[in-house]
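This is what each chain is made of:
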Amino acid sequence: MLEDALIPLSITLKVAVLSTCLVAVFGILISYALARRDFRGKWLADILVTLPLVLPPTVTGYLLVVLLGKNGAIGSFLFEMTGWSLLFTWHAAVIAAFVVSLPLMVKTTASAISAVDRELEYAAYTLGHSELETMLFVTLPLAKKGILAGIVLSFARAVGEFGATLMVAGNIPGKTNTMSLSIYTAFQSGNDALANILVITLVVVSLLSMALAAKFVDRWSV
Amino acid sequence: MGVKVSLSKKYRSRGRKGGRDDVFSLDVSFEVGNELVVLFGRSGSGKTTTLRCIAGLEAPDRGSIVVNGKTYYDSDSGIDLQPQYRRPGYVFQNYALFPHMDVRKNIVYGLKGWDAVKKEARLFEMLRLLHIEGLEGRYPSQLSGGQKQRVALARALAPSPDILLLDEPFSALDMVVRMRLRERIKTIQKELGIPVLFITHSPEEAFSLADRVVVLHEGKVHQSGSPRQVFYSPVDRDVAELVGVSNIFEDGAVVGNSPEGFVLEGRGLQFVTGSDVSGSDTVSWGVRPENIHLMAYDKDLLSDDCNVFAGTVLDVTDKGSSKLMAVELDGSNVVLFCDVPTRLLDDAMGLRVIVNIAAQDVLVFE
Chain A
1 MLEDALIPLS ITLKVAVLST CLVAVFGILI SYALARRDFR GKWLADILVT
51 LPLVLPPTVT GYLLVVLLGK NGAIGSFLFE MTGWSLLFTW HAAVIAAFVV
101 SLPLMVKTTA SAISAVDREL EYAAYTLGHS ELETMLFVTL PLAKKGILAG
151 IVLSFARAVG EFGATLMVAG NIPGKTNTMS LSIYTAFQSG NDALANILVI
201 TLVVVSLLSM ALAAKFVDRW SV
Chain B
1 MGVKVSLSKK YRSRGRKGGR DDVFSLDVSF EVGNELVVLF GRSGSGKTTT
51 LRCIAGLEAP DRGSIVVNGK TYYDSDSGID LQPQYRRPGY VFQNYALFPH
101 MDVRKNIVYG LKGWDAVKKE ARLFEMLRLL HIEGLEGRYP SQLSGGQKQR
151 VALARALAPS PDILLLDEPF SALDMVVRMR LRERIKTIQK ELGIPVLFIT
201 HSPEEAFSLA DRVVVLHEGK VHQSGSPRQV FYSPVDRDVA ELVGVSNIFE
251 DGAVVGNSPE GFVLEGRGLQ FVTGSDVSGS DTVSWGVRPE NIHLMAYDKD
301 LLSDDCNVFA GTVLDVTDKG SSKLMAVELD GSNVVLFCDV PTRLLDDAMG
351 LRVIVNIAAQ DVLVFE
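These protein sequences, in sequence, are chains A and B. Everything in the first sequence is counted per the UniProt record's numbering, starting at 1 for the first residue and increasing by one. Everything in the second sequence is counted per the UniProt record's numbering, starting at 1 for the first residue and increasing by one.
Everything labelled a hint here was simulated from the structure, so no lab data went into it. Ideal Cβ placement from N, Cα and C applies to all residues, glycine included. One or more of the hints may lead you astray.
[What the hints assert, rightly or not] In silico lysine-lysine, DSSO-like type, Cα no more than 30 Å apart, as pairs:
1) B:K112 x A:K144
2) A:K42 x B:K9
3) A:K42 x B:K105
4) A:K215 x B:K9
5) B:K9 x A:K144
6) A:K145 x B:K112
[Said to hold, decoys possible] Chain B is nowhere near these chain A residues, computed Cβ spacing over 10 Å in every case:
7) I7
8) L18
9) V25
10) K42
11) I47
12) L63
13) F79
14) S85
15) S111
16) L120
17) L142
18) A149
19) S180
20) T185
21) D192
22) R219
Taking the hints into account, I'd like the entire structure generated from these sequences.
Okay, structure coming up:
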């Protein structure tokens with residue numbers, strides 16, 4: 001019984017932590033580009049990143065299956081190169097969580113970066129600092145509240161991810177059965193005791209991560 | 001040595017509310033030495049864009065910018081140095097101090113690659129130069145406007161820039177702080193011997209600060225010269241208005257000579273000017289409000305002397321230290337604005353007066 005709860009918990013944490021790390025790195029880079037750079041097709045990039053926010057997760061999941069499956073554009077290439085299929089592994093769950101939580105990260109971070117006074121960046125340029133140095137030491141530190149909010153939202157979204165994960169990673173016991181998926185399974189099969197344990201664990205984990213984030217925000221605000 | 005700027009740029013300026021954007025065309029060229037130069041003009045005349053082009057924060061369409069022999073920009077040879085390689089000392093209008101760094105970190109931020117001991121020495125040198133010792137541990141939010149301005153200056157000067165650019169740096173400061181900082185900038189320019197370009201729209205600031213004034217109007221340089229030249233011999237009506245000549249007579253005729261100078265006629269009145277207008281048939285002229293002298297009306301004072309007119313006070317605006325009076329001259333529809341240095345005359349409305357203007361104060365342009 002305990003194992004039935006611990007395995008989904010460890011899978012969920014593994015998937016959510018990894019996808020949040022990826023979302024943080026790529027989200028910040030994409031947000032910076034959207035907020036500060038001019039490039040062709042910027043509107044398209046903006047739409048593509050935001051799309052999973054408005055699409056039902058099952059649709060996002062379906063599109064990912066089409067893209068990552070053995071016959072898909074990315075999946076076939078990967079399969080030919082390595083003989084490895086991505087679908088129905090926990091890696092696929094990470095990708096699903098990444099795609100659905102990226103828009104939350106980008107929306108909050110891009111608006112936080114846009115709110116940073118450009119004159120400060122220009123000042124750094126005239127003082128001899130490159131764009132990368134300026135981004136790292138001026139822009140991002142001043143946008144840190146928005147960035148942290150984005151990370152917290154993304155983590156929460158990844159923990160709660162259900163639809164897209166079910167489509168691309170399945171619900172394989174011991175491999176891809178995350179908390180949300182396991183709660184659904186336990187509930188469907190009438191295993192209320194397990195469902196209760198899973199629900200309580202998930203609520204505690206969520207509350208803990210929120211409290212931790214709030215503490216960081218406090219410490220970071222000068 | 002010095003600064004040689006010649007640039008043109010077309011850009012959209014912010015249109016009025018609901019209106020469409022206007023295409024603004026900037027076409028500026030001037031050459032100045034290692035002196036204190038004031039770029040003077042109204043807001044929207046292209047001063048800030050010019051300064052940003054020199055710093056490399058905006059790109060001109062065409063032209064060239066050379067500072068102390070170093071080419072920053074040249075459209076013909078395709079040179080366009082990034083601001084990181086121009087490294088101008090730039091003081092932004094809103095100070096642009098890094099809010100997450102204390103004063104110490106702000107000031108040494110431009111000292112990339114310096115070792116710690118040298119950095120520290122330079123920091124204290126700058127703190128002393130701007131009289132802000134003791135503030136190094138504070139954050140920008142804990143500073144007054146004047147202190148922020150000094151820190152911004154210290155940060156700009158710390159890396160020993162080739163040129164110092166200041167964009168309306170004193171516009172948000174009170175009178176006393178302003179005057180002190182002006183003196184500070186003058187001294188610093190003399191000490192460092194680098195070209196300093198200073199933007200302002202205040203005639204008073206331009207006059208008191210500059211070694212040389214470059215007057216910008218609607219994207220063009222109208223005049224460049226010493227403050228005395230610009231203020232006392234404005235080349236055209238636009239410059240005259242900018243430097244505070246508010247009584248302007250356009251397209252009058254040169255009708256003869258008198259012992260005091262040339263006689264001009266326009267709008268039914270004759271003026272005598274001390275300026276040399278030989279060779280012109282028609283000219284425009286103007287008089288500063290503070291150069292017009294008023295006396296209470298007395299028939300005996302009316303004479304054939306030059307520039308003596310009788311008139312009636314139509315309106316009085318109290319400016320505190322002086323009064324601005326609108327005087328309609330007899331026998332014409334001409335209204336002169338006169339700045340009268342008095343705290344008396346509270347009820348001057350309708351008063352009969354005699355107006356007198358010295359021939360040398362009748363400024364001729366165009």
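Would you check whether the claim that V25 (chain A) is not at the interface survives, using Cβ distances to chain B and the 10 Å cut-off? Nearest chain B Cβ is 22 Å from V25 (chain A), so the label holds.
Given the hint that K112 (chain B) pairs with K144 (chain A), test it: the Cα-Cα distance must not exceed 30 Å. 24 Å, holds
Beyond 10 Å from every chain B Cβ: check whether that's true for S111 (chain A). Correct as stated: the minimum Cβ-Cβ distance to chain B is 18 Å, above 10 Å.
Taking the closest pair, is the beta carbon of K42 (chain A) still more than 10 Å from chain B? About 19 Å separates K42 (chain A) from the closest Cβ of chain B, which puts it past 10 Å; holds.
Below or equal to 30 Å on CA atoms is what counts here, so check K145 (chain A) against K112 (chain B). 27 Å, holds
Was L120 (chain A) rightly flagged as not at the interface, with every chain B Cβ beyond 10 Å? 5 Å, violated
Should the label of D192 (chain A) as a non-interface residue stand, given a Cβ cut-off of 10 Å to chain B? Correct as stated: the minimum Cβ-Cβ distance to chain B is 51 Å, above 10 Å.
Nearest-CB test (10 Å) between chain B and I47 (chain A): 26 Å, holds
Run the C-beta distances from A149 (chain A) to all of chain B and say if the shortest one exceeds 10 Å. 17 Å, holds
Whether L63 (chain A) stays farther than 10 Å from all C-beta atoms of chain B, as the label says: 39 Å, holds
Would you say F79 (chain A) is clear of chain B, with no C-beta pair closer than or equal to 10 Å? 45 Å, holds
Quick one: work out the minimum CB distance from S180 (chain A) to chain B and report holds if it exceeds 10 Å, violated otherwise. 38 Å, holds
This entry does not satisfy hints 3, 4, 5, 16, 17, going by the numbered hints stated previously.
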